[in-house]
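Turn these sequences into a full structure, and let the hints steer you where they fit.
Residue 166 is where the sequence shown starts when you use the numbering used here, and the numbers rise one by one after that.
I should point out that these hints are in silico values taken from the structure, not numbers from a laboratory.
In this text the structure is predicted, and so the values were computed from the model without any measurement.
Please note that a few of the clues may not be correct.
So the derived label-pair ranges between C-beta atoms look like this [to be verified]:
#1 ILE178 x LEU245: 32 to 40 Å
#2 GLU194 x SER246: 43 to 51 Å
#3 LEU245 x LEU199: 41 to 49 Å
With a Cα cut of at most 30 Å, we get these calculated DSBU-like pairs of lysine-lysine [stated by the list, open to error]:
#4 LYS271 x LYS197
#5 LYS271 x LYS198
#6 LYS192 x LYS202
#7 LYS221 x LYS271
#8 LYS202 x LYS271
#9 LYS271 x LYS195
#10 LYS271 x LYS192
#11 LYS197 x LYS307
#12 LYS307 x LYS192
Yeah, the Cβ is synthetic: ideal placement off N, Cα and C, and Gly gets one too.
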Amino acid sequence: MNSYEVIFILSTIWVGPFWFAMLLQPKAEKTKKLLSKPLFFLGPIILWFLIMIISKDSMTNFADSFSNNEGFLIGLIDALSSEAGITATWAHMVAGDIFATRWIWKKSLEHNLNPILRSLAIFFGVMLMPVGILILILSTLKKEKFLL
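Written as structure tokens, this is what we have:
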């Protein structure tokens, strides 16, 4: 197992306890305290920076994608098609997913969302983040203060 595989796994595992706390104990004080600080998304962000440090070509490859002769998307494909590229992308996605899921969790509690809908939104917040957000939005459409 190389360093990129380890970082990939660590970024995935990092968000697990936070996600499970939101899913299984959404109203618990321990969950609220756990998610009150940025610790829940810092792990994947730090790992992203670690990738940038150990793979000096990562940022260069990304910057070069803008001037690729075959077009930006082909350049971006080239930049992301490395172990460093896919691992950095994964850490970036995991950080974004858990950040959005925390927002879903917080809003679902504020709106006193049905527990089943809340759990579905939180589950999909990490698994398929746009679906989790859509569940939250559709579940709160009738609310007086829509997502505010």
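Evaluation of the provided hints:
1. ILE178 x LEU245: 32 to 40 Å: violated (22 Å)
2. GLU194 x SER246: 43 to 51 Å: holds (45 Å)
3. LEU245 x LEU199: 41 to 49 Å: violated (32 Å)
4. LYS271 x LYS197: Satisfied, since the Cα-Cα distance of roughly 9 Å is no more than 30 Å.
5. LYS271 x LYS198: Holds. LYS271 to LYS198 sits at ~12 Å (cutoff 30 Å).
6. LYS192 x LYS202: At roughly 16 Å apart (the allowed maximum being 30 Å), LYS202 and LYS192 satisfy the hint.
7. LYS221 x LYS271: violated (38 Å)
8. LYS202 x LYS271: With a Cα-Cα distance of about 13 Å, the restraint between LYS202 and LYS271 holds, given a limit of 30 Å.
9. LYS271 x LYS195: With a Cα-Cα distance of about 14 Å, the restraint between LYS271 and LYS195 holds, given a limit of 30 Å.
10. LYS271 x LYS192: holds (10 Å)
11. LYS197 x LYS307: Holds: LYS197 and LYS307 sit about 26 Å apart, inside 30 Å.
12. LYS307 x LYS192: holds (23 Å)
Checked against the numbered hints above, the structure breaks hints 1, 3 and 7 and satisfies the rest.
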